[in-house]
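Chemist: Below are the chains, spelled out letter by letter.
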Amino acid sequence: MAPPAEVLAVRGLSKTFPGVRALDDVDLTLHPGEVHALIGENGAGKSTLIKLLTGVYRPDAGDITFQGRKVSFATPLEAQKAGISTIYQEVNLIPLLSVARNLFLGREPRNRFGMLDVTRMNREAEEVLGTYGVRVDVRQPLRTLGVGAQQMVALARAVATDARIVVMDEPTSSLEPREVETLFSVIRRLRDAGIAVVYVSHRLDELYAMCSTVTVLRDGRRVHHGPLADLDRLALVSTMLGRDLGDVREEGATKFSGDHQAADTRPVLQAEGLTVPHKLHDVSLSIRPGEVVGLGGLLGSGRTETAKAVSGALARSSGRITVAGVPLRGGSTPAAIRAGISLLPEDRKSEGIVPGLSVRENIALAALPRLSRFGLVSEARVDSIVDTFVERLRIKASSPHQKVGELSGGNQQKVLLARWLAMNPKVLLLDEPTRGIDVGAKAEVQKLVDELAADGLGVLLISSDLEELIEGSDRVVVLKDGAVVGELTGDDVTEDKLMRTIAGGGDPAHDAAKEAATDG
Amino acid sequence: MAEATLRTPPLDRARVLQWLQTYGVYAGVALLLVVNIVITPHFMSAENFRTQAVQVAPVIIVALGMALVIGTEGVDLSVGAVMALAASVTALYLGYGLLPALLVVALFAAGVGLANGALVAFIGVQPIVATLALMVGGRGLALVLLPQLEDLRNPALASLGSGGVAGIPYLILIAAALALLVAFVVRRTTFGRQLLAIGDSRPAAQLAGLPVRRVLIIVYVACALLAAVAGVLATARLQASDPTSLGNLMELSAITAVVVGGTPLTGGRVNIAGTVAGAVLIQLLTATLIKHDLPPSWTQIAQAIVIVCAVYAARGRGKR
Numbered sequence: 001m002a003p004p005a006e007v008l009a010v011r012g013l014s015k016t017f018p019g020v021r022a023l024d025d026v027d028l029t030l031h032p033g034e035v036h037a038l039i040g041e042n043g044a045g046k047s048t049l050i051k052l053l054t055g056v057y058r059p060d061a062g063d064i065t066f067q068g069r070k071v072s073f074a075t076p077l078e079a080q081k082a083g084i085s086t087i088y089q090e091v092n093l094i095p096l097l098s099v100a101r102n103l104f105l106g107r108e109p110r111n112r113f114g115m116l117d118v119t120r121m122n123r124e125a126e127e128v129l130g131t132y133g134v135r136v137d138v139r140q141p142l143r144t145l146g147v148g149a150q151q152m153v154a155l156a157r158a159v160a161t162d163a164r165i166v167v168m169d170e171p172t173s174s175l176e177p178r179e180v181e182t183l184f185s186v187i188r189r190l191r192d193a194g195i196a197v198v199y200v201s202h203r204l205d206e207l208y209a210m211c212s213t214v215t216v217l218r219d220g221r222r223v224h225h226g227p228l229a230d231l232d233r234l235a236l237v238s239t240m241l242g243r244d245l246g247d248v249r250e251e252g253a254t255k256f257s258g259d260h261q262a263a264d265t266r267p268v269l270q271a272e273g274l275t276v277p278h279k280l281h282d283v284s285l286s287i288r289p290g291e292v293v294g295l296g297g298l299l300g301s302g303r304t305e306t307a308k309a310v311s312g313a314l315a316r317s318s319g320r321i322t323v324a325g326v327p328l329r330g331g332s333t334p335a336a337i338r339a340g341i342s343l344l345p346e347d348r349k350s351e352g353i354v355p356g357l358s359v360r361e362n363i364a365l366a367a368l369p370r371l372s373r374f375g376l377v378s379e380a381r382v383d384s385i386v387d388t389f390v391e392r393l394r395i396k397a398s399s400p401h402q403k404v405g406e407l408s409g410g411n412q413q414k415v416l417l418a419r420w421l422a423m424n425p426k427v428l429l430l431d432e433p434t435r436g437i438d439v440g441a442k443a444e445v446q447k448l449v450d451e452l453a454a455d456g457l458g459v460l461l462i463s464s465d466l467e468e469l470i471e472g473s474d475r476v477v478v479l480k481d482g483a484v485v486g487e488l489t490g491d492d493v494t495e496d497k498l499m500r501t502i503a504g505g506g507d508p509a510h511d512a513a514k515e516a517a518t519d520g
Numbered sequence: 521m522a523e524a525t526l527r528t529p530p531l532d533r534a535r536v537l538q539w540l541q542t543y544g545v546y547a548g549v550a551l552l553l554v555v556n557i558v559i560t561p562h563f564m565s566a567e568n569f570r571t572q573a574v575q576v577a578p579v580i581i582v583a584l585g586m587a588l589v590i591g592t593e594g595v596d597l598s599v600g601a602v603m604a605l606a607a608s609v610t611a612l613y614l615g616y617g618l619l620p621a622l623l624v625v626a627l628f629a630a631g632v633g634l635a636n637g638a639l640v641a642f643i644g645v646q647p648i649v650a651t652l653a654l655m656v657g658g659r660g661l662a663l664v665l666l667p668q669l670e671d672l673r674n675p676a677l678a679s680l681g682s683g684g685v686a687g688i689p690y691l692i693l694i695a696a697a698l699a700l701l702v703a704f705v706v707r708r709t710t711f712g713r714q715l716l717a718i719g720d721s722r723p724a725a726q727l728a729g730l731p732v733r734r735v736l737i738i739v740y741v742a743c744a745l746l747a748a749v750a751g752v753l754a755t756a757r758l759q760a761s762d763p764t765s766l767g768n769l770m771e772l773s774a775i776t777a778v779v780v781g782g783t784p785l786t787g788g789r790v791n792i793a794g795t796v797a798g799a800v801l802i803q804l805l806t807a808t809l810i811k812h813d814l815p816p817s818w819t820q821i822a823q824a825i826v827i828v829c830a831v832y833a834a835r836g837r838g839k840r
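Chains as they are written, first to last, in our numbering: chain C, 1 to 520; chain S, 521 to 840.
Isolated chain S (complex conformation) (with noise of 0.2 Å):
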């Protein structure tokens, strides 16, 4: 008898960890989605699930590419950096038209993309320390080009951030669409094959002959275009450039979805849906606590609260 009671915890905690390693953020969004339907009032209209998308979409975009790069045992944080860019250099070049002003940030972005992979793939930089020189850099290169915030008054850019099809809004059609894609890149392609090779076993890969300086700085270049799209529209959304405050610890946040969304920090393994998953949780919990009237300090506790959760679940499945 004593012997049952021995050997049955640890199994069972086993399989709960592994359980919500592999399913806690969405039983997290489902939880929270029926406390709100019961506590919160209005919370079922179609207005406020649109807002809170809106509001999320940006957040979402970043954290694709997040989460390729910690699937490569890496990090970028220089993406916040990467956005106010996105928003300085769009306010620049808006006056020759939205799509040449896109044009001017891709390749911005590119730049910022590429610097920080060849600091990675080719220098031996660790990620965290080249992005951050990237992150400081980036910012500091926005508020050159543009040093205060700038009212933008441009149709197209308006209707990007605020228009939709059939109901549903640009940014959240854009993020679905990218979400879809990246997941698609990871599952079906070489490339996404190789990337999870060589954040698993760096070692391993290069003797396997993998590209592994082109799969690294590719990466670090999809993350930055994936950051530059997000700054774009949520400038677009503001209908103001404002480098100074965009994507203020955007990193973090992104970096708290794919964690919570179960995708390791050491690397080999990708998850875009619980990535997508995990940005939705954080943000009906920071709605669901503000709706509420409890002060943002209580929100921030509540986010390092479910990180120790994703994070202690992570470590179970290590273990064996």
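Next up, chain C with everything else stripped away, as it sits in the complex (with noise of 0.2 Å):
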């Protein structure tokens, strides 16, 4: 079978911003039935390509051949008429509209009399989103969906629109397992349909399982192209990151030094039955000074909620929290920062950047009182604290004065620790750190975890990536449906262990964990 004509062809894409040549002569070849995987560090130009691919920005060089004829978008939906859909990371669609509306949004079923035909429109949805499945009241507005199933309703809507490419990026970030084979399976349905898809993801394994062929682009410029098969995993990594084999080999997948000298002293922080309505039930946990606490369980186990609820930013029907054998008194947030627990929140963009503010307004934001004088901020006191952790976290900002919202996503994460680490926390809760960021920098991230620890902070690691909860922490307690169901210590520190704790079945071990878990 000959190859079938290429449904897209980029030549010299180029697009620079004040400062910054986002991507510099790339070019991109798909053809109808392929997968390819686009991958490289936040800030290679993945984004940027996809935006302009996508008409949200305008090249400034290069053109976009798509079946047949050079195309050149004004905005996103002209893009999506002519068959090129996106789905972005965060679901864009209207929360309070229901899950047909959403799903039919703009070409809504109507009956002879021009009206909307509800009854239709309805079955038709549920039919549509069967094959996917989910299986919903497709009556209700799409807020009471779970986040993995409103992210189905985006794919099936993207897809329904009779696209010739499907360009995903970071489909999977807010998935649970269950959902991303779903979402392969849907991928498998495309592709012999003869749609190309673009896949962006930062997951190795899902990259492996689904796609053909790969970019790798790095600092905007295309630095390998061709089939997947032909890179392993670590020459895709190197690749991505323009080091050396040697070098990933020897350092191993996370940046993890594996166990930390968790001596025996007191903890320096002890949850002990922890209760939010509805959310958490008599959750208890320690961290000793220098240890790395995992905490396990699937979405929605109440490990987020575990988190906010010792930071403060839950409220707690009940539970005490004692910070170095001081208890901390009233539930506030800035109680709890007082004492010495910070956290760094799961939701980056909105709960934790102020993006508007520059990287020196953010890293001195919760310092801010320490760094006055009769409520007057000392410049100069902002400067070295801003100019010490820029330093110490390498981060990367064309200067202090760069707002927050335009950095990359591993850059943003440093410039929150930073935050924290300003405030010499004694008890450092992370909530999936390295969620949505580059390699380099998660690596860079993981890394840091450690050195805090070792420095004698206690730490509360929060990861839906099973290696980095493994190999990160010392002890892991593991959360199912807003209680303890188990703890791993030692040598139970392992991904089986885990998944087995998680699905709470044959582990005699697992039961013993969680009469210890309880007692303690």
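By construction, these hints were calculated from the structure, which means they are not laboratory data. A quick note: this is a predicted structure, and the numbers were derived from the prediction, not measured. Possibly wrong hints are sitting among the right ones.
[Said to hold, decoys possible] Computed spacing ranges between beta-carbons, pair by pair:
1) C:Leu376 to S:Leu612: 35 to 43 Å
2) S:Leu612 to C:Gln402: 47 to 55 Å
3) C:Arg329 to S:Thr571: 53 to 61 Å
4) S:Gly644 to C:Lys70: 50 to 58 Å
5) C:Asp205 to S:Ala638: 46 to 54 Å
6) C:Arg143 to S:Pro620: 50 to 58 Å
7) C:Pro369 to S:Gly644: 22 to 30 Å
8) C:Val118 to S:Gly644: 31 to 39 Å
9) S:Gly657 to C:Arg329: 34 to 42 Å
[To be verified] Reference excerpt, derived from the structure (chain C facing chain S, CB under 8 Å, subset only):
10) Leu343
11) Gly352
12) Pro355
All residues carry an ideal CB built from backbone N, CA and C; glycine is no exception.
Two chains, each in its own frame: build the complex with the hints.
Modeler: Below you can see the structure in the form of structure tokens.
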């Protein structure tokens, strides 16, 4: 069979933003039925390339040939109508409209009087979503669905609009494993229907499972392209990072050094019987100085809620928290912060950074009262803190006055870490510290967590990346439905044991651990 | 070649919008000055400048508070009512002397500000709704306290309204001092930075341990106090307390000054110099049209055009 004609050909695409060459002379070719991996570190130009393809930005140079014709989309809508659909990391649908309305938005079925045919719309919506494994009442508002299900609705909508190309920007970052499977089967169906898929992800497993070809971007240039099978994982990672194969192999998959010296001292954080109505039930855990305690469990098991309850961001109905032997009075965030508890929230963009303020202001934000006298900010003290952390955490910004919203995800995360380290915390609660950040920054953050623990901080690590959780933690407390169901220590800290504990079946050790956890 | 024409316009437009957003209001003021110098007789007299400045001073003072509130992603519709309330209370308590009267005014204003702030910060009412309640209630209270216009004969109040230092009226000096003070607070104090962070991202500010409620309450109290100052000064200039009409539509003039001055309604940024210039721009525009005998409706249309331009320039900013 002769290879089908290319559906998309991009030649010499370039885009410059003030001070940054975001994309430099990049080519990309897509054939029908191709699942194409687009990878690179944050800031490599992936997002820029996608936004140029979908009409969000206009290229400075180069051209895009779509289905044999040169195109220049002025808006994302134009691109979508032409047949290039995009599914973004964050779901962009209308939360208050019904599921069916969202699915058919802009192309609602009409009856012969030109009125909205609600019955038909709901019936068809149910049928369509059923093929995506989403079985819900389509008349309910979209926001009542879980994030994963919403993502599926977005996907169904994107595909249903007669797409020739579907661009997926980290589609699995908020999905549970079962939903990822559904997504994969949808992608296979798209592939078989001759639709080209551009798949952006940081998860190597997924890339190798789904993609046939790959384009690697680095610093705005294309550094590799071709069949994915020609590159093994290490070669892929080293191409992406621009580093030697030897280095990567030596350092292993994550940057964690393994066990920490958890001196047998009094716990720096002790939480007992935390209860938040409908969310947490009698959760207890303790962290010793220098220890990294992992919090395992599925989405919705109460990991984020535990971190938030400890940090005072979520009001608890009962439970006691002690920091370094001192009971924490009051349930507010400022009280917890004063006591030395710092939370790196899961949702970096909306709960972490203050996007319109500069790197400098963001780093100094929590520590402002300490950097001021009589309410006046001491610019010199702010500068010295900011300089220290920009250097120590290797934060890459054009200047300390650059807006944080303009930085890459990894650098935003480092800014947040700097904000908390400036407070000299005793306990760091890290909720998905490496989600959605590139491989290089991920390794740096992991290494930093290690260093901080070595300095005597108590760290609570939440991660959906099992490898990260297992390699990073000395101990793992496992949650299920808002309660502690087990604890893994020592040699039991393995992916296998963790999954068994989450599944909650057949492991006698798990029951013993459960006893121990609830007693302690 | 086709490429070149394709890719230059968006870049240039973005740059023009950026420039307009930052300097447009100053350019507008400069343009109006030049136009007036050319076409308006007697424009370059000290007397004229003094009149314009005295007229715009209360608007500037109210707009300063409004800029702080808008910086927290809020809005305060009750400022006009607070001016009226200040006028009533001044009339009622002037018998005890100017200073005691001013203290009582401050108490009333702080009360309104506290109510606004508490509704927004603790109960979570949207600012536009919370302050709308106080806008209606505040003017109602002012009219209950003093049902109709009352002439005030108090030498201290009269000198506050029409006196000055070295030919510069107190009104202008007070407005200038307050503008400098507010600009300093925004730029240099912990409070100012916390205010901006809260306006830009409330959840992030909360999780960073900022005293969100305290800052919001202080902002609304400050806004009400500034409005009260404007109310007292306007009353002093009139030499009469007029709770029926004093401060009518002042909330809209203040919001206009803030927006035209380049402070986005979405919060997280406060431009004090721009706010002052915005108030001056509207004042000059109005004065120009009136001096050339155009009906007031033309003034409103001209204002509308300026606002639309300001909003258009602001939109260009948020995009990239």
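Chemist: Now tell me, hint by hint, if it's right for this structure.
Modeler: Evaluated hints:
For the hinted restraint 35 to 43 Å between C:Leu376 and S:Leu612, the CB-CB distance of approximately 38 Å keeps it satisfied. In this structure the hint that S:Leu612 and C:Gln402 lie 47 to 55 Å apart at CB holds, the actual value being about 54 Å. Range check, C:Arg329 to S:Thr571: about 59 Å between beta-carbon atoms, so the 53 to 61 Å window is met. Range check, S:Gly644 to C:Lys70: Cβ separation about 52 Å, and the 50 to 58 Å hint holds.
Separation of C:Asp205 from S:Ala638 is about 52 Å and conforms to the stated range, judged on CB atoms against 46 to 54 Å. Checked against the given bound of 50 to 58 Å, the beta carbons of C:Arg143 and S:Pro620, roughly 55 Å apart, stay inside it. At roughly 25 Å, the beta-carbon separation of C:Pro369 and S:Gly644 lies within the given 22 to 30 Å, and the hint holds. Under the hint 31 to 39 Å, the C-beta atoms of C:Val118 and S:Gly644, about 34 Å apart, fit the expected range.
A C-beta distance of roughly 38 Å is found between S:Gly657 and C:Arg329, which places it inside the suggested range of 34 to 42 Å. For C:Leu343, the interface hint holds, the least distance from its beta-carbon to any beta-carbon of chain S being 6 Å, beneath 8 Å. Below 8 Å, beta-carbon pairs count as interface contacts, and C:Gly352 has one with chain S at about 6 Å; its hint therefore holds. Interface restraint check for C:Pro355: the shortest CB-CB distance to chain S comes to about 7 Å, inside 8 Å, so the restraint holds.
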